[in-house]
Every structure is written in C-alpha cells, then in structure tokens.
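There are 2 protein chains.
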Amino acid sequence: METLKIIKIGGNVIDNVEALESFLKGFATIQGSKILVHGGGKLATKLANQMNLPVKMTNGRRITDANTLDIITMVYAGKINKNIVAKLQSYQCNSVGFSGADGNTIVSNKRPVDPIDFGYVGDVKLVNTETVDILLKGNVTPVFCAITHDENGQLLNTNADTIASELAIGFSKLYKTQLYYCFEKNGVLLDIENDDSVVENIDSEIYKALKEDGVIADGMLPKLDNCFHAISHNVEKVCIGKPEMLFDENTKHTTIQ
Amino acid sequence: METLKIIKIGGNVIDNVEALESFLKGFATIQGSKILVHGGGKLATKLANQMNLPVKMTNGRRITDANTLDIITMVYAGKINKNIVAKLQSYQCNSVGFSGADGNTIVSNKRPVDPIDFGYVGDVKLVNTETVDILLKGNVTPVFCAITHDENGQLLNTNADTIASELAIGFSKLYKTQLYYCFEKNGVLLDIENDDSVVENIDSEIYKALKEDGVIADGMLPKLDNCFHAISHNVEKVCIGKPEMLFDENTKHTTIQ
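In order, the protein sequence lines correspond to chains A and B.
Each residue of the first sequence is one higher than the last, beginning at 1000 in my numbering.
Each residue of the second sequence is one higher than the last, beginning at 1000 in my numbering.
Simulated from the structure, these hints should not be mistaken for laboratory data.
Accuracy of the hints is not assured; some may be wrong.
Identical chains blur together in the list; that is why a pair holds if it fits in one copy or across any two.
[As the list claims (entries may be wrong)] Derived pair list, reagent style DSS-like, types lysine-lysine, alpha-carbon separation capped at 30 angstroms:
{"hint": "1", "residue 1": "K1210", "residue 2": "K1124"}
{"hint": "2", "residue 1": "K1055", "residue 2": "K1045"}
{"hint": "3", "residue 1": "K1207", "residue 2": "K1184"}
{"hint": "4", "residue 1": "K1109", "residue 2": "K1024"}
{"hint": "5", "residue 1": "K1251", "residue 2": "K1184"}
{"hint": "6", "residue 1": "K1024", "residue 2": "K1124"}
{"hint": "7", "residue 1": "K1136", "residue 2": "K1041"}
{"hint": "8", "residue 1": "K1207", "residue 2": "K1024"}
{"hint": "9", "residue 1": "K1045", "residue 2": "K1236"}
{"hint": "10", "residue 1": "K1236", "residue 2": "K1055"}
{"hint": "11", "residue 1": "K1175", "residue 2": "K1251"}
{"hint": "12", "residue 1": "K1055", "residue 2": "K1041"}
{"hint": "13", "residue 1": "K1024", "residue 2": "K1251"}
{"hint": "14", "residue 1": "K1124", "residue 2": "K1236"}
{"hint": "15", "residue 1": "K1172", "residue 2": "K1136"}
Predicted model only: the values in this text are computed from it and were never measured.
Throw the hints in and build the complete structure from the sequences for me.
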C-alpha cells in the first residue's frame, strides 16, 4: 500500500502570515500523497467581534448558533481555505479545497442538545473516501477546513483535530496513513515551560499516568484522545510536534504508540 | 464528444432561499456532465455593511480593495458555495466547490490600474481543465464561485458570467459545451417590461441593431458580450433565460447564434 500523510496545522501557524507561508512552502515539497487539514485560529472570533456578534461559551466551549456557523463557514471554508489553496498553487502544489460536504467526504450527526446544546456542531459519523481518492490518484492535494455536513443540507462545525484523525482512519483501508499534528510545541511536554522536556514516545499506559499526575491537561487531552483513537484504528503512525518535524527527522516530537 | 452543460445562476436565484433550493433540486436531476457557476448576489454588500466597510464604486462598478476581496472570498467561496454543495449532496448530486485557484483551474491577470484602479479584479488568462475533468469523469459536479487567482498566491475577484463563458470555451476542446445563463427574465426582451417580448434567436447583426436602438443596455451588454465571445469560440450552444428553460423545452428563452 502507498503511504498517505495527513497533516493538521493549528492556530498559531494559521494566525501568523509568515509562519503559514513558510509552512506551506515546505508542505508543497513533501513527496507522495498528502492531505492538509487546517483549523481556524483566531480569525473567526475577530470577525464575530467586527460584526458585533457575541461569542457564546459554555464550559469554556464555543456555542455554534446559526450566525456563528455562517462566520465559521465564511472564515474557514472561504478566507483561510482559498488563500491556502492559492499559496500552494504558487508553490506548484496542485490543491483543491474541501469541506466535509465536498465530495460528501465527511458526514456528521448534529450533536444531541442534551445535556448541553452546542448548536450546529457535528460529531463525525463516516468518511467517504471516493471523491478525494480520485484527486489523490491524480496527484492533487486536498486541503480540508473543519466543517462537515449531515447529508440533509446542513453544514456543521467540527473539531479540526477530529477531522484529521477521522480522515486518517477512513483512508487507512486504501493507504498506509500517517497522521501529523503540527502546533507550537515540540509535542507532549513533562514541563509545559520547557520545550526540551518532550515525551518522545507515549503509549496508553504512560498517557493514563501523565493524566493522573495532571501533567497532561486542558487542550492536550482531546488532541491525545484523537491520537490514540487513530492509532487504535489502523493508522500506521501518529506524531505531535512543530511543523519542522515533517522536514527534519532530528526535530524532537512525540510519537504515539 | 460527450456534452458538458455549464449553468450560471445569478443574483435573484442566490438571494432567495426558496428559489435557490428549488433550482438546486432541479439541477441535481440534470443528466450527464455539468458544472454550476454562481454569482454572489447581495450578500457581499450586506456583510460589508454589517462590518461598516464602505462599498467603493467607480463608474457604477465596485472597487475590490483588500477588505472587499476578503468579504467576497468569505461570502462567495465560503457561505454561498459550501451551502450550495451541502444542498446538492442532500439531493444526491455529488459536488465539489471550486474557486479558480482550486485545481489551478482559472488563472487571471490583475486588471491594469490605468485608467481606473479596480483593485483585486482579475481578467481571465487561461483555463486548466485537468483537475476538474478528473472529477467530471468520476461523475462529480464542480460548483464554481466567481474568484480566480494569479498563480502567485493572489486571489482575484472575477465576473461570474465571464467565469462561465471561459469555462465553456476552455472545456470545448474536451466536450461539446453548452452554456446557460439563468436569471430572472425570459432572455433578451424587446420591451423590458414585457416578459413575452423575447428575442428567441439573436445573432451578432441583430445584437448590433438592438444596441444601436438602445433596446439592449446596461447589465445585458456585458452578459451578451460573454455570450457572443463563447459562441465564436467553439461553444456549441448559448442560451439566456429563466432556470425553467433547463427543465422544460417549451420555456421561452434567447438562443445566441
């Protein structure tokens, strides 16, 4: 089986024009089949503020009402996605932007309103590989934003880390899939202040212990849950670290086992 | 050669939720290869107003500064395009949203700033059919918004009628292309107040005479220029009329000859 790399970039890379351009320049040079998944960064909140729309949070998580879904669709699928595609074309990487609705690729269920109504948020139900695979076979790189749909015409806001892991799992029947989460740290850190304190290999027992000790907390928990979900569902390799890990094998990072 | 229908829908269909849904339901049933091109309607101006951004016009035409380009990209490629794709999926029409940057499909030159600086507006230079054709062959329907790029990473605002005619011309080397401009009237009218006064067939001589008499004016002039450009560049058939002309051959419309 051929290898397919699924690479997710997060907030800090998206929010910084130079960091994004530098990443995309490198990404364009990666050989073989690849899929890029991007988050939204702070641009959606900025647009909501410009439009005087309140950002509603419950338990620290954003509620996606109809106006918020419009903003997310405009920012993620419009501004961010199309600018990434245009940049990749300028680096001779032929790409096509995707939401989960395009090619009917990622189908979600709207999250149940009980106990908390998160609004138009989708939990991934299934991945259809067919349309994307036609493009991969044609040497085209799909670029996914974090939006899915319910097959009844409704777009849904979906976590970008989850999109990346579900794509890696879905494509594992056709490719040896490798999943890379790129963010601003070197991976899982024993001391969040010390970028050299990387846990280079982590398995579910180490994860459990680090969780119990409170070393791993907050945003790293759902990210690592996505990692372990992927590695236990036929994804060949899962790594977390800075984008540099893609281009230099000596860059420290965390590998999930 | 197989037939490829390129169908463009304009402002009044986009702005009305029911009209759009009804159109898409019909569009989904059209057999054979097809491409949808959509304009932006009034939503971009509405968003600019919500964000307190001034709409700058020169000689009745919109100037696309950087903020306006962002708005257009968000509204056209984000909100409108992804909602159309999600609706088409719900009608079992497998579609993928495109800007001209996706698949490097439509490359434009930024319009010269002399005599008038229109800002980030693109004049189409060339159409690359390859990526879109991979999808057409896979029975997938591309849905184009009116944005192109310059191959150097810059997105450009481009007239939707022009996108449709340039796609029809570009694909004429692979398909018998048929171009349909759908709007709120039955076609070219001798009396703009009378929807029965349709000019059913129009050639360049009739066009010239109607222009000189002032019967054809304003927005119809660039639309018809696009039509004649297409019909003189290997497009098999060009029609203007209401969307109903696609589904009922007895619907009055104008055919370009």
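Violations among the numbered hints, reported as their numbers in ascending order:
Hints 7, 8, 9, 10 are the ones this structure does not satisfy, whereas the remaining hints hold.
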